[in-house]
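Chains A and B, in that order, are what the protein sequence lines are.
Read in my numbering, the first sequence has 70 at position 70, and its numbers run on one by one without any break.
Read in my numbering, the second sequence has 75 at position 75, and its numbers run on one by one without any break.
These are calculated hints, taken from the structure and not from any lab test.
All clues given are correct.
Simulated restraints on C-beta separations:
(1) A:P8 - B:Q95: 27 to 37 Å
(2) B:G53 - A:M19: 39 to 49 Å
(3) A:M41 - B:T28: 21 to 31 Å
(4) B:T81 - A:T102: 19 to 29 Å
(5) A:K14 - B:P110: 39 to 49 Å
(6) B:E67 - A:T7: 39 to 49 Å
(7) A:T102 - B:S26: 15 to 25 Å
(8) B:V44 - A:S67: 25 to 35 Å
(9) A:N1 - B:I47: 17 to 27 Å
(10) B:K51 - A:P83: 39 to 49 Å
(11) A:A52 - B:Q95: 11 to 21 Å
(12) A:V12 - B:G41: 18 to 28 Å
In silico DSS-like links for lysine-lysine, alpha-carbon gap of 25 Å or less:
(13) B:K105 - A:K9
(14) B:K59 - B:K109
(15) B:K36 - A:K9
(16) B:K102 - B:K56
(17) A:K9 - B:K102
By construction, the Cβ of each residue, glycine as well, lies at the ideal position given by its N, Cα and C atoms.
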Amino acid sequence: NAGVTQTPKFQVLKTGQSMTLQCAQDMNHEYMSWYRQDPGMGLRLIHYSVGAGITDQGEVPNGYNVSRSTTEDFPLRLLSAAPSQTSVYFCASRPTGGRQETQYFGPGTRLLVL
Amino acid sequence: GQQVMQIPQYQHVQEGEDFTTYCNSSTTLSNIQWYKQRPGGHPVFLIQLVKSGEVKKQKRLTFQFGEAKKNSSLHITATQTTDVGTYFCAGSGSQGNLIFGKGTKLSVKP
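Using the sequences provided together with the hints, build the complete structure.
The structure is reproduced here in structure tokens:
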């Protein structure tokens, strides 16, 4: 199994540009989520999904959209990038979203918005 | 909303010294998980504690869950340079989402 994969690894955007961060998992996990990590701020939840067709907002959802058309994929869209969205983005998954399940993280996407 | 506080934010130790990071929640937790993130890497699951007062060990790492299930600690005995990284605790929020502490960044001087 490849686990959780993310593309791209690095991205530079100009303010106002849009882009999609890709996330895929091959473990048949129902629950997937997106976090952003900023220095001194830990990991903050952006959006999550408990299964195909179901998404919900996390702690910091503004400026981001998600969709979940398949179990495997959970892309994160930045509609109009802003410098405040410069961050490291991690996608994660776990089997069913149960409270006692291990969460598996992807390698991350480092995004710089100029 | 639910918060998970973690201290200290940074810890610098000499190799061979011990290290402890503490995690406190504003509410009772059903369980707590600990993750380690190496520099430039992604968080990797270390362990989960579920029972009140639970203590688990992994080699030089000792994890504790408080009696009230509102606090937890990670203790590393005789640190090594391979222990360098950021350690996060995470508790389950009301909707089952993981709420992460801000992490403790450990540096180890050889």
